[in-house]
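**Q** All chains, full assembly: derive it from the sequences and hints.
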Amino acid sequence: MKSVLFILILIASHNLQAQKYFTRTGNIVFSSHAPMEEIEAVNNKATSIFDVQTGAIEWAVLIKAFEFKKALMQTHFNENYMESSKMPKATFKGKIENISTLNLEKDGDYQVNVSGKLTIHGVTREVQTTATFTVKDKQVSAVSELRVLVADYKIEIPKLVRDNIAKEVQINIIAQYEVLS
Amino acid sequence: MRHLHLTILFIYFAFSISAQDEDLLSLLGASPDETDYTIASFKTTRIINLHSIENVAGGVLDVKISHRFGLINGGISELFGIDQATIRIGVDYGLSDRFMIGFGRSSFEKTYDGFLKFKIFRQSTGKNEIPITASLLASTTIKTTPFQNPDRENLFSSRLYYTYQILLGRKFSENLSFQLSPTLVHRNLVKTRSENNNVLALGLGTRIKLNKRTSFNVEYVYALPDQLAPGFRNSLSLGFDIETGGHVFQLHFSNSTSMIEKGFVAETTGNWGDGDIHFGFNISRVFTLKDN
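First to last, the sequence lines map onto chains P and R.
Counting from 0, one number per residue, gives the positions in the first sequence under numbering that gives the first Met the number 0.
Counting from 0, one number per residue, gives the positions in the second sequence under numbering that gives the first Met the number 0.
Hints should not be assumed to be uniformly reliable.
To be verified - Below 30 Å or equal to it, Euclidean Cα-Cα: the simulated DSS-like pairs (lysine-lysine) are:
(1) R/LYS142 with P/LYS68
(2) P/LYS85 with R/LYS126
(3) P/LYS68 with R/LYS118
To be clear, the hints were calculated from the coordinates, so they are not data collected in a lab.
**A** Okay, here's the thing in structure tokens:
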């Protein structure tokens, strides 16, 4: 009897530990502000998951799912800059440092620090940023932003268009998480 | 009993540790299967003279300015043909991502041309797998040079030429695209009895990408046997596409003077072997009139 109880407790605690949140409709906006041109692209199909216990967080973003206002820009983005047929995804694998401050049972805004490995265009680099988790009526959402140097990820900007594409692009992230059951 | 507890505990922690290592995203399973349409099989809507399987996107205007210079075998006195040029100025517009229209005016034979091009289906992978892209092209040409024989009764319809083409293309890899274009050119009036009113031909085109922004293109229009009168030849062109943002520069060599189907498919006379080669270029500049 004692054993059964013991195992039950273990299973229960395992389930508790396994509490994870995910989204498949993460919103990523990438924008470049250059003297000659403003470029913005939106992706509503990013996937993310995080583990409440360990703070581990991951993102996967399909490059082809970025939508531009100008069709030709979208083609060039995929073909010339991101080479999305060779490297279809950008990923992030990291950790929410102070996950313990996040109380998903209580409404409120929670500032957290996130750090980890960001892979774009086949190049992996360590990045750090802050994110705000918002809990409201048991709904968990998060916003964050990143600034990324294009050259860091071996994405070449030809001299001819260097006034059209910023050296540093901004990435804004919004996610509405759901409990993974 | 205690041993059993310890064993379970041990297995449990071993499992937990291994669980830490696993890919969190894999817990979500495979992402939903979507159709992934192949893009950028060619840099622009023309291979050289032939239409490619590419369309301009909906709401995009593509202004094309094309030149064919004189014959290279004109020698230094003609600066290898550069002294004379024929020009086509044209605009293409995408009514949707799959349906485009275009108009142009060529100085050669003072011709106006207009066309419709529709993508029937697109090469794709994923949920819907289609190995090729297929398009239809229909074009009409009005030649406005004075009639050869002004004394007889000349009808306006005698100025008209029609071309129908099926474009079948496949992007085999990032660097290699290939296209077949079965073609019918109809001419309401031909100069001599030996020329057919209908000419059947097969266009072949390929693109080899040299780097991200440059490609090498070849196209050959093979007229089926007994379609062309003696003296007319198949059109062969080769050249480079250079893309710089919103512009595409196409620089090429061709034995055809005309830049429209009825001309280069059915009325090419130049012979590569004799050096009857034109240097030429197409410049394409796109303007997005309506956002995606």
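**Q** Next step is simple, just say for each hint if it's right about the structure.
**A** A quick look at each hint next to the structure:
1. R/LYS142 with P/LYS68: Measuring from Cα to Cα gives roughly 39 Å; hence the hint is violated.
2. P/LYS85 with R/LYS126: Roughly 19 Å separates the two Cα atoms, so the pair holds.
3. P/LYS68 with R/LYS118: Since the Cα atoms of P/LYS68 and R/LYS118 sit roughly 22 Å apart, the hinted pair holds (cutoff 30 Å).
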